[in-house]
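Q: Spelled out, the chains give:
Number of protein chains: 2
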Amino acid sequence: MDVVTTVSEQGVTEQRVDFPGARGAVPGIVWLPEGASGPRPVVLLGHGGTQHKRTPNLLALARRLVRHLGYAAVAIDAPHHGERVPAEERGEDAAARRARLGVEEWRRRIFSASDQIVEDWKRTLDTVQAMREVGADGPVGYWGVSMGTRFGVPLLAAEPRVTAAVLGLGGVGPEPEAEPFRAAARSITVPLLFVLQWDDEVVDRERGIALYTAFGSTEKTMHVNPGPHVGIPQHEREEFERFFSRHLGTAAAPAV
Amino acid sequence: MDVVTTVSEQGVTEQRVDFPGARGAVPGIVWLPEGASGPRPVVLLGHGGTQHKRTPNLLALARRLVRHLGYAAVAIDAPHHGERVPAEERGEDAAARRARLGVEEWRRRIFSASDQIVEDWKRTLDTVQAMREVGADGPVGYWGVSMGTRFGVPLLAAEPRVTAAVLGLGGVGPEPEAEPFRAAARSITVPLLFVLQWDDEVVDRERGIALYTAFGSTEKTMHVNPGPHVGIPQHEREEFERFFSRHLGTAAAPAV
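Residue numbers (our numbering), protein chains in the order written: chain A, 1 to 256; chain B, 1 to 256.
Keep in mind that the hints were calculated from the coordinates and are not lab data.
Careful, some of the hints might be misleading.
[Claimed, not checked] Short derived list, chain A residues pointing at chain B, Cβ under 8 Å:
1. Thr218
2. Lys220
3. Met222
4. His223
5. Val224
6. Asn225
7. Pro226
8. His235
9. Arg246
10. His247
[As the list claims (entries may be wrong)] Residues of chain A placed beyond 12 Å of chain B at every Cβ, according to the derived structure:
11. Ala87
12. Ala95
13. Glu105
14. Ala158
15. Ala178
16. Val195
17. Glu219
18. Ala252
Glycine is no exception: its CB is placed at the ideal position from the N, C-alpha and C atoms.
Build out the structure end to end from the sequences listed, making use of the hints.
A: As structure tokens, this is what we get:
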């Protein structure tokens, strides 16, 4: 792991790092309490489509988890996002890029990156757990909505170290090509908090409900709120924190 | 208001009272912080079918709201429940009574009591707001699931003093005779927390979702959990408390 920069602000140390990934270096961030030493729970943060590892909602959640619970938080750029945007597309606005590629090609490119980012996350977790400020035995959580759920479902299915997750703004339909994704959802058994926006213009209500229903977890809670895709109410951010606190514990008292 | 008994335990004073109701006295309970004097938010607690004003989940929630937030809490026996069970049916087990009456007659009797309990609640609130430990200007909440929602929806539609409510384990169907109930739901605009059990053997999943969708509130959150009708997970009790705290404030800092 190469540390590019380290900055501390209001009790939170943010390290811009390059993780060894499935295909070369993966640009990432590790947030820690300033002066952290011993092991602590860690939460992996998966950003949404067109976003990146330091997108405002991820940054706010990371700082909240570090400051309130003493956690470590980690984010990486997904393939084709953030610093992993192909060189020839740099500087192009994400919406413009999506319009140029077309929604179908855009989606195909994202979905085809699923295996790669699962592998990136597994290696990232290996690296992070080798840090003395995190440790190999502590609880691990995952948070990711929208594209963060599109990738989070196969990650959770493949990665037993993650023992609690917040997902949402994603769905699954009856079409045969969705079967591997549905099977992955069914295989997940860890506690889940799943958020849906009732007027989501991207994710059909029934597909969202179908994904919640598919999860194999005995403890799974769905939080539904009115409003569009980008519009999860502020108070749910507190719910995310409490969910992780309940299942992963805190730095002082990690869940066993 | 006739105070029948007053008992204090672990900081909570519980008064067994008779409220003046729509048709004679209504047996009720007022919970207050021990030694309470000035005004404070009050939450009305509506029990479920076959239950009563001091059923364990109501008692636990009342004590929690009093101890954690400094609230007043109030419960009354619904018609045909608790001390309002008809004299000739006293001593008969609720389940046996339901079996003897038949589910249809049981339901008819409950639904026909809707106007009466709405009037009982309005008069109860008049009485409670005349207490110096509650006051006429403080925020008012309502909590009631299952039958507590069957009656809570018309209450909220008719009672503008209630400014936030927890409802759940209830639904509405497309049948024409459900239209008044649906219209009442549509007319509600206060913030709501609505809980559903995904494997509810009493309330059909689609009917529950239809009721959530029908509410006119712009701020409404639905919490779905797996499990049967009687099986709301323990952690939702904390959610109830936080919901009221967010919308009604606390005794020290009531919502304006």
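Q: Evaluate each hint against the coordinates.
A: So, going through the hints one by one against the coordinates:
1. Contact between Thr218 of chain A and chain B, as hinted, is supported at the beta carbon level, the nearest pair being about 6 Å apart and thus within 8 Å.
2. Contact between Lys220 of chain A and chain B, as hinted, is supported at the beta carbon level, the nearest pair being about 6 Å apart and thus within 8 Å.
3. A distance limit of 8 Å between C-beta atoms decides the matter here; for Met222 of chain A the minimum to chain B is near 4 Å, and the interface restraint holds.
4. For His223 of chain A, the interface hint holds, since its Cβ comes within 8 Å of a Cβ in chain B; the closest pair sits about 6 Å apart.
5. Checking Val224 of chain A against chain B: minimum C-beta separation of about 4 Å stays under 8 Å; hint holds.
6. Because the closest C-beta pair between Asn225 of chain A and chain B is about 5 Å apart, less than 8 Å, the hint holds.
7. Given hint, Pro226 of chain A at the interface with chain B, holds; its Cβ is 6 Å from that chain's nearest Cβ, closer than 8 Å.
8. With its C-beta approaching chain B no nearer than about 7 Å, His235 of chain A sits inside the 8 Å limit, and its interface hint holds.
9. Taken as an interface hint, Arg246 of chain A checks out: its beta carbon lies about 7 Å from the nearest beta carbon of chain B, inside 8 Å.
10. Interface hint status for His247 of chain A: violated, as the beta-carbon distance to the closest one in chain B is roughly 10 Å, over 8 Å.
11. Its beta-carbon lying about 44 Å from the closest one in chain B, Ala87 of chain A satisfies the requirement of being farther than 12 Å from that chain.
12. Every C-beta of chain B lies more than 12 Å from that of Ala95 of chain A, the closest at about 28 Å, which supports listing it as non-interface.
13. Even its closest Cβ contact with chain B, about 35 Å, leaves Glu105 of chain A beyond 12 Å, as expected for a residue assigned away from the interface.
14. Residue placement check: Ala158 of chain A keeps its beta carbon more than 12 Å from all beta carbons of chain B (closest about 24 Å).
15. Its beta-carbon lying about 21 Å from the closest one in chain B, Ala178 of chain A satisfies the requirement of being farther than 12 Å from that chain.
16. Listed as a non-interface residue, Val195 of chain A fails to keep its Cβ farther than 12 Å from every Cβ of chain B; the least gap is roughly 10 Å.
17. Taking the minimum C-beta to C-beta distance to chain B, about 8 Å, the non-interface status of Glu219 of chain A is violated against the 12 Å cut.
18. At roughly 20 Å, the least C-beta separation between Ala252 of chain A and chain B is larger than 12 Å, which holds for a residue marked as non-interface.
Checked against the numbered hints above, the structure breaks hints 10, 16 and 17 and satisfies the rest.
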